[in-house]
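Chemist: The chain contents come next:
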Amino acid sequence: MRRLLARHATFAVMSCLTLAAAVAVALLKGEAALRRALSGALDLAAFIFPVLGAGLLLAATMRQLLPEGALSRWLGAESGLRGLLLASLAGIVTPGGPIAAFPLVLVLLRAGADRGAVVAFILSWALNGFQRILIWEIPLLGLEFSALRFLACLPLAVAGGLIARRMPASWQPEAR
Amino acid sequence: MSPTQMLVWAMAVAAFGLLLRRRGLAPARRALRDTGASLLRLLPMIAVALPLATLFAELVPPDVAQGALGRESGLAGILIATAAGSLLPGGPFVTFPLVLAFLAAGAGPAQMVALISAWSVLGLHRILVWEIAILGRRFALLRVASGAALPVLAGLLAEALLLAFPALGR
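Residue numbers (the numbering used here), protein chains in the order written: chain A, 7 to 182; chain B, 11 to 180.
One chain only, chain B, in its complex shape (with noise of 0.2 Å):
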């Protein structure tokens, strides 16, 4: 296990520890029996995401992740991984894998950041079931409309860090 795995796991017995003193016991086990329905309801998806997104890699050819998405692409390659992102279908389960597959073929972490705050914020598939239902096409429009601009800011900003702080790109 890595030491950022160990940290996430420091952290939810820490705080499971806290909710166990403060609340008792049954909020306790309302959290684990949450936990465990959290868990079922993953484990398919995870199950037909996980080689999705490796079969995905080996149809993407290397020269788009390092010429298209590369390093160098700056704005095109902002432009390019935003409507990518604000395409994906499906949850973080087929997302951050496909993005590990750019990210190792040579993508670059500014086009990603864009890629994935596109798939965030102007992802269809969350639009269309969630938003929609809940809030009514109204509201789903305004939100997307204020939203619209936003992957590619993150993706220069992404850029404006990776200069300021080069560690970050690795």
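Here chain A stands alone, though its shape is the one from the complex (with noise of 0.2 Å):
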């Protein structure tokens, strides 16, 4: 129910903030701008929904493929720098939007993951996620582009992770 209504919640805001931006490039740029932003729209969606089913069908096979508790079992017990690179890693195969990974977050958890490992599992799904990238960022903005922001955010997963570790805070993973 949570869910349901936050997905239509962002669904409204978005609808206005549409309505809201076409009434001002009416009003600032002319109707000219305005047919103009919108074949652009058209154009765009001519580019990504030949990939999008793609994406989406990769995405979905991966989430049969990978056996449940795959990803908790190669975090469990670890912790160290090898516990943040395989957290990054799992972070980043893991397919799927919030609602697939922040409960993925409590499995590894229960399995004894610590607080840099969970940190580092966040960071690299938010930033590296297969999926993101395969459906989003190389279709829109191109190989080169996309090639660019992965590398330079791969090493940032285990710096979150280093961070969280030393963050002078009681949050305990077994407290929740």
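Everything labelled a hint here was simulated from the structure, so no lab data went into it.
What you are looking at is a predicted structure, and each value in this text was computed from that prediction instead of being measured.
We put the beta carbon where it would ideally sit given N, CA and C, even for glycine.
There's no promise every hint is true.
What the hints assert, rightly or not - Listed below are several chain A residues computed to face chain B (Cβ distance under 7 Å; list not exhaustive):
#	residue
1	Ala-26
2	Ala-27
3	Leu-44
4	Gly-46
5	Ala-47
6	Gln-70
7	Arg-116
8	Ala-132
Work from the hints to combine the two standalone chains into their complex.
Modeler: Okay, here's the thing in structure tokens:
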């Protein structure tokens, strides 16, 4: 129910934003600019749609291929730098949006991953999850830009995990 | 269809073939149903997000893209992009078309790396809806504090990569 609400709230907000933007463009830039923006949106759609199905099919297939618990087994008792590296790798190969990824974090915690590994996993999934790269980034922004961003972000999940371990906060995975 | 799009299709078909051989019919059918459900969920979002991105591109003054966020904007541009990225609402269907519009208007690739990273790591929308609900406020705080510096670092790393491999900046 909460998910349903969140999804429709997003859609409603986005619709309002789009309408407001359309009105603003028409008033500030004129009708020609509005028409240019809308035809640009159609071009983008024509660009995205051929690959959207493939990306989603790949993600759904990966979800079925990765055995339950495989990711948490990698991370379960790990710590040290190796645990952070594995957590980053797991974040990259985790398919799906927040609906799929955050419950997985709970699984990791129950399996005994430390907070550094959990933070590294979330950061790595958020920065470099393969599904978003395949469906959105490569088709829209091209292979060169995607490679640049992927490489620049690759070490950062591990860095975030190291920072999390040194944070003067009392949060313990077992606490929840 | 572009070569990269064909590559994604080839990977999807190969993975699906593997799934069919290894696990049989039932998981393959689940994957197909999953794909259809995701597609249905995404379509209405895309329908409003793509015009939002192109409309927004009309409203962004080109001198902002080329100046404050341009290739020569350096650390200041990276900081501005980081702030903008963490305030962006919505999912990838907003962010990526928007970045495409900015890049086309002359924004620097390293600054756009910082923007996407900030949206990924600090995006308020995702933090509020998912992280606090599932993991609790305390963990969300720890995670955000640990990741706060990363978008700027990503932008600086991207600048270094662009110096070493200019081809990545096209």
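Chemist: Would you mind marking each hint as holding or not holding in the structure?
Modeler: Taking the hints in turn, this is what the structure says about them:
1. Ala-26: Ala-26/A check fails; min Cβ-Cβ to chain B is 9 Å, beyond 7 Å.
2. Ala-27: Since chain B brings a Cβ to about 4 Å from Ala-27/A, closer than 7 Å, the hint holds.
3. Leu-44: For Leu-44/A, the interface hint holds, since the closest Cβ of chain B sits about 6 Å away, which is under 7 Å.
4. Gly-46: holds, 4 Å
5. Ala-47: holds, 4 Å
6. Gln-70: With a closest approach of 4 Å, the Gln-70/A hint holds.
7. Arg-116: Since chain B brings no Cβ nearer than about 13 Å to Arg-116/A, farther than 7 Å, the hint is violated.
8. Ala-132: Nearest chain B Cβ about 4 Å off; hint holds.
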